[in-house]
Each structure stands twice: as structure tokens, then as C-alpha cells.
Amino acid sequence: MKPLVPSTCETNSVVDAVSKGTRLDGRELLDHREATIQFGREYGTCQIRLGNTRALATVRAELGTPRPSRPNEGTLQVAVDVTSTAAPGADRSNDLTVGLERLLERCLRESRCVDQESLCVVADEKVWQLRLHVELLDLGGNACDAAALAALAALCHFRRPHVSVTGGEVRLCPADEAEPVPLAVLHKPVLVTFAFFGDGQHFVADPTEIEERASEGLLTVGMNSYREICTLHLTGKLLLNKQQVLECTELAAARARSLTSQLRRALTADEAERTAIHPFPGLARVELERMATAAASVRLSGAVRGPALTAEQISEMEKEVDEKLSVFRHKDMAAAAEIGQGGASQWGPPSDDEEGDQDEMWPRTAETPAKTAPAASDSDSEGEQTVLHPEDLEPHAEPGTGKGLRCPMPVR
Amino acid sequence: MISADMKSEEGDLDEDTINNFTCELGVLSQCDGSATLCNGLTAVLVATFGPVEVRQQRELVDRSSIEVTFRGPHGVEGVEDRRVEQLVRSTLEQCVFAALHPRTAVSVVLNVLETDDLLLLSTCVNAAVLALLDSSLSMKYLPAAVTCVPVGDRVLVNPLPSERQGSSGGSVTAVYDTGSERLVACRTAGQLSAEQLTSCLREARRAAALVRQLYRRAVAAKFSKEPRDPWAGPSRAEDMPPSWRRLGGQQTGEQSTS
Numbered sequence: 015m016k017p018l019v020p021s022t023c024e025t026n027s028v029v030d031a032v033s034k035g036t037r038l039d040g041r042e043l044l045d046h047r048e049a050t051i052q053f054g055r056e057y058g059t060c061q062i063r064l065g066n067t068r069a070l071a072t073v074r075a076e077l078g079t080p081r082p083s084r085p086n087e088g089t090l091q092v093a094v095d096v097t098s099t100a101a102p103g104a105d106r107s108n109d110l111t112v113g114l115e116r117l118l119e120r121c122l123r124e125s126r127c128v129d130q131e132s133l134c135v136v137a138d139e140k141v142w143q144l145r146l147h148v149e150l151l152d153l154g155g156n157a158c159d160a161a162a163l164a165a166l167a168a169l170c171h172f173r174r175p176h177v178s179v180t181g182g183e184v185r186l187c188p189a190d191e192a193e194p195v196p197l198a199v200l201h202k203p204v205l206v207t208f209a210f211f212g213d214g215q216h217f218v219a220d221p222t223e224i225e226e227r228a229s230e231g232l233l234t235v236g237m238n239s240y241r242e243i244c245t246l247h248l249t250g251k252l253l254l255n256k257q258q259v260l261e262c263t264e265l266a267a268a269r270a271r272s273l274t275s276q277l278r279r280a281l282t283a284d285e286a287e288r289t290a291i292h293p294f295p296g297l298a299r300v301e302l303e304r305m306a307t308a309a310a311s312v313r314l315s316g317a318v319r320g321p322a323l324t325a326e327q328i329s330e331m332e333k334e335v336d337e338k339l340s341v342f343r344h345k346d347m348a349a350a351a352e353i354g355q356g357g358a359s360q361w362g363p364p365s366d367d368e369e370g371d372q373d374e375m376w377p378r379t380a381e382t383p384a385k386t387a388p389a390a391s392d393s394d395s396e397g398e399q400t401v402l403h404p405e406d407l408e409p410h411a412e413p414g415t416g417k418g419l420r421c422p423m424p425v426r
Numbered sequence: 299m300i301s302a303d304m305k306s307e308e309g310d311l312d313e314d315t316i317n318n319f320t321c322e323l324g325v326l327s328q329c330d331g332s333a334t335l336c337n338g339l340t341a342v343l344v345a346t347f348g349p350v351e352v353r354q355q356r357e358l359v360d361r362s363s364i365e366v367t368f369r370g371p372h373g374v375e376g377v378e379d380r381r382v383e384q385l386v387r388s389t390l391e392q393c394v395f396a397a398l399h400p401r402t403a404v405s406v407v408l409n410v411l412e413t414d415d416l417l418l419l420s421t422c423v424n425a426a427v428l429a430l431l432d433s434s435l436s437m438k439y440l441p442a443a444v445t446c447v448p449v450g451d452r453v454l455v456n457p458l459p460s461e462r463q464g465s466s467g468g469s470v471t472a473v474y475d476t477g478s479e480r481l482v483a484c485r486t487a488g489q490l491s492a493e494q495l496t497s498c499l500r501e502a503r504r505a506a507a508l509v510r511q512l513y514r515r516a517v518a519a520k521f522s523k524e525p526r527d528p529w530a531g532p533s534r535a536e537d538m539p540p541s542w543r544r545l546g547g548q549q550t551g552e553q554s555t556s
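Chains as they are written, first to last, in the numbering used here: chain A, 15 to 426; chain B, 299 to 556.
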């Protein structure tokens, strides 16, 4: 199917209107359309609608070998697809696809938006390879902005599986064993496009498809909310001076700030909805298992290092652990919020100010390794991030030795 | 055996048996007709262009050539995609009034947003019909597709994955002419006994009447006088596809004018 050829009177009317300060859809010259952000069921899928323009972005991750030139970094690959639904003959247009791929790579990968060093699992051997796939479902003008916002939202939304490295072996933990981990997004760059008319005298922000076709050239500015310019891209038969470029970057800064705050609100709302659906997040289940393991270890451990525990002490500790386990066993799912309201939280990073309890929470191997039953913590049902500690990556020892009773601490 | 003069029976089939059927017409701006249809966990977006110029090799002198393009959810093409295209094309070739537009093409593009594989075929056919309704292309009749799964001695119509426990894996996708209640196309998967096939086809025929009601509601919504904001998508929360939750941003969609 052939693409539609724009008529001369259409393009002339657009240019005339812009020179008089009006636009065909009634906006002011520098007004943007509202962006709608929708997240899908899986982590890392996002659909953006910017007026008539629709972009759908998906992020997938798999383990692979790193590039030889960068053995400590993961990779991010961008693929853009213009579907046949976007416009008649659009799927044959390679210019748009290739140009957009390159622009997104510059904006997201080369600006170090995602911390690629955090994607390294085992240096030189295993890294996370991210594949970002953007589909343009509808070309209603300004596909760059929509595609970039969709890609950014998908990257911020995506969670990769937790990885445990034991010895030389890398193991992917399933979602019910360990919560998936979000990507480390250092800054959030968005693209803002301006279309120029009349030898660069007039320009409009967020052009529609007919304004894009009628324009002499497009300036795309990539900015983040810290007013840092990540990308500058100029296309068409257009010559600009410094003043015009600076003016556009000022406008782009305001738009970038509002888009990033809108994205942040959308991510928070999505997270709240997800945890509302699952009142027992994976982390609480993990703690339950750890406590059960701890209780079993207390019973099994014969030779423990440090001062020998008397039988009364052991049975006391068993009772304590059982009590706390019973809280998880007997409470309803709906009452998850009540767990932990009995006392002050005993979870917290070890600090020099607090003694006593904290020392008991973090036993050195020479001391009392058996007393590590974690308190019924405030397992609130908000999905919190799991921070990897060096202890998490060490092999869990067999029950019966002292080390196995050190429970890694989830940070609240 | 299905006999031609079998009339539809009154039963307890109601709209709830067609789970989570939500659709919207006119979702895309650059094509002649478009529709989104969500059925359970399957969501399909269809765009139609037509009648448009046809390539030389596909040109038919006495009627329009129907071209169907199917894109699976992960973009990797395979033989299954061609099978879906073939079923949709053969259904549409019979129902579209192609003789009105000789030497042209009607192009139907199916884009799968998400799928659970069982309801994919029937959702594609129904979504294609909705998109053609949106583009106002003349049709002789409205086909409706339904998927039936026999579980035990019952027949489930358009079941969700959670409801399919205990089925032996067989399923029937049947396309019925909703006017004359005749079978247009039928595709089975898995193992079925003759009695199961018969009862599935019977249930599908009854359910096809409900799909026709869905078509009428969709077209009525398109032409209703309620103000529909073109930027905002489905106007009612219950029309939203279950997995695409609307979050973030100003949802009023008012264009920012001073």
C-alpha cells in the first residue's frame, strides 16, 4: 500500500496558519499535547499516547556474555518497529525506523540513562542484555517524543529477575523466591521536538503529522529534569542560529520536568495497584522460609561455636521462633498490615549509636550464632526494593554450622 | 450433525458467559477503520485500509482483493501466523461485499497486544469485523467467532485460563453468520469426540448471537451523542481492557490552550 502524498493546499494552509500564530488543532504555537501513560500487566511494558500518536515499548532481559571492549557492563539494544496500522505504507519506511533507533540509542544508551555497570553479574562472563522494543502503532505526529517517553517509561517500570551467584554458578531466582529488581536508572531523559516554518522564523512545539510534513525541518532536544542536554538532533533543510537553539532548549527543559514528574506519579500509582492486588509480597514469603530454616537450624545444630547453649535456652529460642512463625501462619491475608504492630522494629542497619540489640541482630560467628531469629518485622504490603548486600551473595552454609544462621537482612 | 434448519434454543446463556468482552472503535487516526477488542486475556488491535490501490499481481477484475496481515505478539513470524491470516481472510472474503469495489484492495492489519493463545483466533475474526464496521465497508452479513472448550460434560464458551481446568485440551473455534445462523468456518484443536464437537458447535451458535449484540453496542457507542474526547480513549472505566490500566497524566485530555 502506498503512503499518502500530502496535497499542496494542505501544506500551504499549515504554513499560513503558523505564520499568523494559530494551529489547525487550536493549540498555541508552543503548547504540547497531553501524554497518557499506561503500563501493561508484565513489568517493562508501557503504552504512551500523545494525541493521536501511540507508541508501545517492551523491555526484555536475558543473561549473556558482555562485549569484549566492555567486560563489566551490560548491554542495551534498541529496536523500533513501525506497524502497518500506523499509516498507509508506513511499514515500508526505513528512514523513520532507522532514524528513530539511532536517536533512542543516543538518548538512552549513550547518555548513560541506565547504569550499565549495575547490569554486570560476573565480570567478563555474564551480564544482563536488555532489549528494548518500541512499536509505533499510530503516527499522529511527533513519533520521536512518544517513542522516547515510552522507552523511558518501560525502562523505569521494568524489573529483572534476582540473580544469585554461588561459587562460579549463576542462578536466576524465580519471582516467588526473590522479588524482581528494578533497573538502576540514573536520570530520565525525554525528547522534545520542534518544527520550524518560514526560514526558521516560526516554530511550533509537538507537531502533528501534517505540521511535520509541511515543516522545513525538525529540532529534537533530549533533556532530563536536571536541565542537562542529552541529545540534539536537527533534520530537514534548515539553518538555525544559536539564539533559536537556546530558546528551544529552555522550552524543552520545562517540558522535560513536567513529563518526568508525570512519569514518576504514574510509576508510583502502578506500584500501589500491583501491591494492592498481592497483599503478601514475595518478600514476606521469603522471610517466612528463612525463619523456618532458622528454627530448624536451632534444633539441628549440635556443635555451635561460642558459648554452649543450655537445653532451656534452646527451647526458649524455639518457642520464640514458633510464636513469630505462628503470626504468619494464622493471620489472614487481609490482616497482613497488622503484623509487626506489636513492638518497635528490630530491623535496621547496624550503627555505632545503637548497641545491645543490634549486636545480637548481627552476631559475629564467634559469638552467639543461634540467636538470629528475626523479629516479626513490619512487613508492610508496599513493595519495597531489595538491596543486595555482600552477604546475600555468599553461599548459604549447611545447617549445623554457625554461618547458616545468619539471615541476610532485607532493608525496609 | 448440524442440520440447516436447526433453530436456536432459549437457554441460560447471557452476556456474562462472554467474559470481559470490551471493544472500542476508531482508536487509530491514520487508517480508514480500526478497533480494539479485548476478550479475557487476549487483546487485539486491528486497522483496515480500504478500498485502496492494489498491487498488480493481486488485482482482481471483478471484486476487491482482501489482504490480511497478522503480527504475533513477539514479532517472530511463523506458520501459525499464516494460518490465522488464512482463516480471517476466508471469513472476510465471504462476508465483505467485494463486488462493489473491483480492482482495489482491502487491507486488514491484525496486531496482537497480548494473548493466551486459545481465544486468539476468535478475537482476531471479531476484531476484524469490528474494524470493517468502523470503516463502513459494505458487508453481506456479520460473522461472529466463538471459542468453545468441552470440560467434562459441559461446554465453556470463551473461557479464561483459570476456568479451563479439567479440559482434555480440545477446543473449537466456530464462525457463524449471525443473521442466518449458518456455519461459516470452523477450526478445531486437540482431541474431540463427535458428541463434543456437536455440542460445542451448538453452544457457539447461541453465543454468536451475543457477539452480534456486542457489534450493535459498539457501533451505537461510536455514533452516540455523548462527547467523546479523541485523546482520552475509552470513556468508561469498565470499557478499559483489564490489563491496560490507565495511570498517570491528566486524563481530561483537554487541549492546553490559553
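Any given hint could turn out to be false.
Below 16 Å or equal to it, Euclidean Cα-Cα: the simulated EDC-like pairs (lysine to aspartate or glutamate) are [said to hold, decoys possible]:
no.	chain 1	residue 1	chain 2	residue 2
1	B	K438	B	D475
2	A	K34	A	D213
3	A	K16	B	D475
4	B	K438	B	E383
5	A	K16	A	E87
6	A	K251	A	E191
7	B	K438	B	E493
8	A	K16	B	E479
9	B	K520	B	D330
10	A	K140	A	E87
11	A	K16	B	E391
12	A	K16	B	E461
To be clear, the hints were calculated from the coordinates, so they are not data collected in a lab.
Verification of the supplied hints:
no., hint, in the structure
1, B:K438 - B:D475, "10 Å, holds"
2, A:K34 - A:D213, "15 Å, holds"
3, A:K16 - B:D475, "33 Å, violated"
4, B:K438 - B:E383, "20 Å, violated"
5, A:K16 - A:E87, "43 Å, violated"
6, A:K251 - A:E191, "56 Å, violated"
7, B:K438 - B:E493, "32 Å, violated"
8, A:K16 - B:E479, "38 Å, violated"
9, B:K520 - B:D330, "14 Å, holds"
10, A:K140 - A:E87, "9 Å, holds"
11, A:K16 - B:E391, "22 Å, violated"
12, A:K16 - B:E461, "45 Å, violated"
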